[in-house]
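*Asks:* Chains as they are written, first to last, in the numbering used here: chain Y, 165 to 451; chain U, 5 to 270.
Hints were generated in silico from the structure; no laboratory data involved.
A virtual CB, placed ideally from N, CA and C, is assigned to each residue, including glycine.
Some hints could be false.
If you anchor each label on the Cβ, the simulated ranges turn out as follows [unchecked claim]:
1) Y:Met-346 x U:Asp-39: 26 to 36 Å
2) U:Gly-119 x Y:Ala-426: 31 to 41 Å
3) U:Ile-252 x Y:Gly-355: 39 to 49 Å
4) Y:Trp-289 x U:Gly-45: 56 to 66 Å
5) U:Gly-151 x Y:Met-304: 52 to 62 Å
6) Y:Met-346 x U:Ile-252: 32 to 42 Å
Chain by chain, the residues:
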Amino acid sequence: MRALLPVLTVLAAIVALWYAGAVWMNSQWSYDQAARAGVEVSLTEVVAETMHQDRPVLPAPHQVLAGLWEGLFGQKITSKRSLVYHGWVTLEATLLGFVIGTGLGILLAVGIVHNRAMDLSVMPWAIASQTIPILAIAPMVIVVLASLGVTGLLPKSIISAYLSFFPVVVGMVKGLRSPDAMQLDLMRTYGAGAWPVFWKLRLPASMPFLFASLKVSAAASLVGAIVGELPAGAVAGLGARLLSGSYYGQTVQIWAALLAAAMLAAALVIAIGAIERVTLRRMGMAR
Amino acid sequence: MKDTAASATTVIDARGVGLTFETGDGPVHALKGVDLTISRGEFVSFIGPSGCGKTTFLRAVAALEHPTEGTLSVNGMSPDAARQARAYGYVFQAAGLYPWRTIAGNVKLPLEIMGYSHAEQDARVEKVLSLVDLDGFGKKFPWQLSGGMQQRASIARALAFDADILLMDEPFGALDEIVRDRLNEELLKLWARTGKTTLFVTHSIPEAVYLSTKIVVMSPRPGRITDVIESALPRERPLDIRDSKAFIDIAHRVREGLRAGHSHEE
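The whole structure should be built from the sequences, with the hints applied where relevant.
*Replies:* Here you go:
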């Protein structure tokens with residue numbers, strides 16, 4: 165209960181600000197409408213009106229929630245208007261991209277830690293890859309792969325993996341190098357080769373670092389999948405909902421899709437956190 | 005020249021061993037002209053101020069450092085070959101137990117790497133844990149044990165395979181004096197029971213005199229041996245032997261040796 169109070173206070177402040185913003189940003193349209201009709205409107209009428217416009221500049225929280233509810237539970241989940249359907253399409257690409265990105269990230273980290281040439285050469289490229297805006301890369305990936313006959317899930321997942329491998333590389337390099345000189349010397353006194361040092365020391369020592377990276381990379385995977393849905397003029401996925409919403413000025417639809425994406429990201433991070441707790445407790449590393 | 009009978013019991017033989025580290029500020033002479041012979045079953049303490057090379061010598065025996073001059077042999081082999089032959093167990097200043105392994109899992113670590121069978125591993129873990137008085141603690145994780153118990157577990161880990169040399173680098177340096185006294189007493193019993201040749205690095209004069217059959221006094225810049233004292237104390241040593249005349253005499257000679265090594269700096 166005590167932990168809940170600050171959370172609710174912050175939430176209440178955000179909602180209040182949001183309502184204030186909705187009134188402020190949507191009132192212009194109300195005044196314009198009234199001026200066009202040649203009538204005078206009072207402030208209370210304007211405020212009431214800003215709460216339920218069809219295409220508000222900033223939809224009020226209750227409109228977004230209603231849109232979200234309608235999208236999630238208002239129709240069959242196979243419907244083209246269902247956020248469950250679109251969410252699943254995006255989640256599929258996100259999960260595949262997350263798996264590819266994490267696998268690639270771990271492989272690169274292992275290479276960087278064990279091979280001097282990779283240590284000197286890979287990291288600058290990995291960093292450079294992240295400085296290029298994903299919005300510039302995404303259309304090229306889609307177009308190139310489409311010309312090779314690859315469409316659908318994979319191109320989106322590759323864009324998703326492009327964003328998610330990086331935190332894993334950085335975290336795992338740090339994690340695999342976390343054993344101190346004494347722990348490494350101990351292995352040397354046993355005459356242990358690189359293989360046992362990796363399996364019995366470096367890898368277990370890197371686990372806390374891996375989970376921290378996975379939380380970042382899961383969220384990045386989702387962003388990548390959504391961005392991957394934009395340039396193809398996709399018909400399905402949360403990205404497609406965002407895109408069609410902006411084409412037709414359906415701001416409520418945009419905000420509902422954004423909220424759904426945020427909930428999805430939160431669910432992914434919470435799920436990884438749960439796996440982390442179970443794993444580290446089983447390894448004896450959580451107290 | 006040595007006769008053949010003596011060489012059969014010689015475990016460690018250092019002749020003119022020198023070790024120089026090249027650093028940014030020029031060469032550092034960690035060891036210079038070290039001559040030392042250690043026989044099977046001895047308990048040898050190395051004592052001296054920081055920088056005297058006592059830890060470096062231990063690491064050279066373990067082939068963690070390599071001498072730049074002279075010859076060093078362990079069990080009649082080069083230190084590298086001796087390591088491959090599993091000649092020694094090493095106990096570091098900190099217990100260094102892996103937090104993700106139980107105590108039993110930690111003791112098992114060298115056995116897994118050296119390829120012992122599972123049944124053999126379990127049997128050995130049980131045996132060495134009881135040797136260091138940790139029966140029943142195998143399933144605990146390191147953080148559930150006190151510092152002294154963790155260091156005992158790390159000694160068990162060094163004893164788990166059949167190395168006949170035990171190298172200990174200030175193993176009790178981080179522990180309080182009461183725990184330290186008890187562990188010293190237990191270490192002596194352990195040494196008596198296992199008969200392992202033990203090389204023990206320490207800062208503490210009473211610890212060195214209480215434990216050792218031979219005390220090597222060292223001094224820094226360059227790291228060298230200034231005195232080697234053969235202890236006349238009996239092998240059976242209760243804690244109160246530290247009040248005896250013989251004990252105090254040896255401690256006095258160690259202190260004189262340490263002072264002599266320092267005098268040229270003042």
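*Asks:* Could you say whether the range 52 to 62 Å given as a hint is met by the Cβ separation of Gly-151 (chain U) and Met-304 (chain Y)?
*Replies:* holds (58 Å)
*Asks:* In this structure, is the beta-carbon distance linking Met-346 (chain Y) and Asp-39 (chain U) contained in 26 to 36 Å?
*Replies:* holds (29 Å)
*Asks:* Given the hint of 32 to 42 Å, check if Met-346 (chain Y) and Ile-252 (chain U) actually sit that far apart at their C-beta atoms.
*Replies:* holds (36 Å)
*Asks:* Do the Cβ positions of Gly-119 (chain U) and Ala-426 (chain Y) conform to the proposed distance bound of 31 to 41 Å?
*Replies:* Given range 31 to 41 Å: violated, Cβ gap about 52 Å.
*Asks:* Can you let me know if the beta-carbon spacing of Ile-252 (chain U) and Gly-355 (chain Y) is within 39 to 49 Å?
*Replies:* holds (43 Å)
*Asks:* Can you let me know if the beta-carbon spacing of Trp-289 (chain Y) and Gly-45 (chain U) is within 56 to 66 Å?
*Replies:* holds (58 Å)
Hint compliance for this structure: hint 2 alone is broken.
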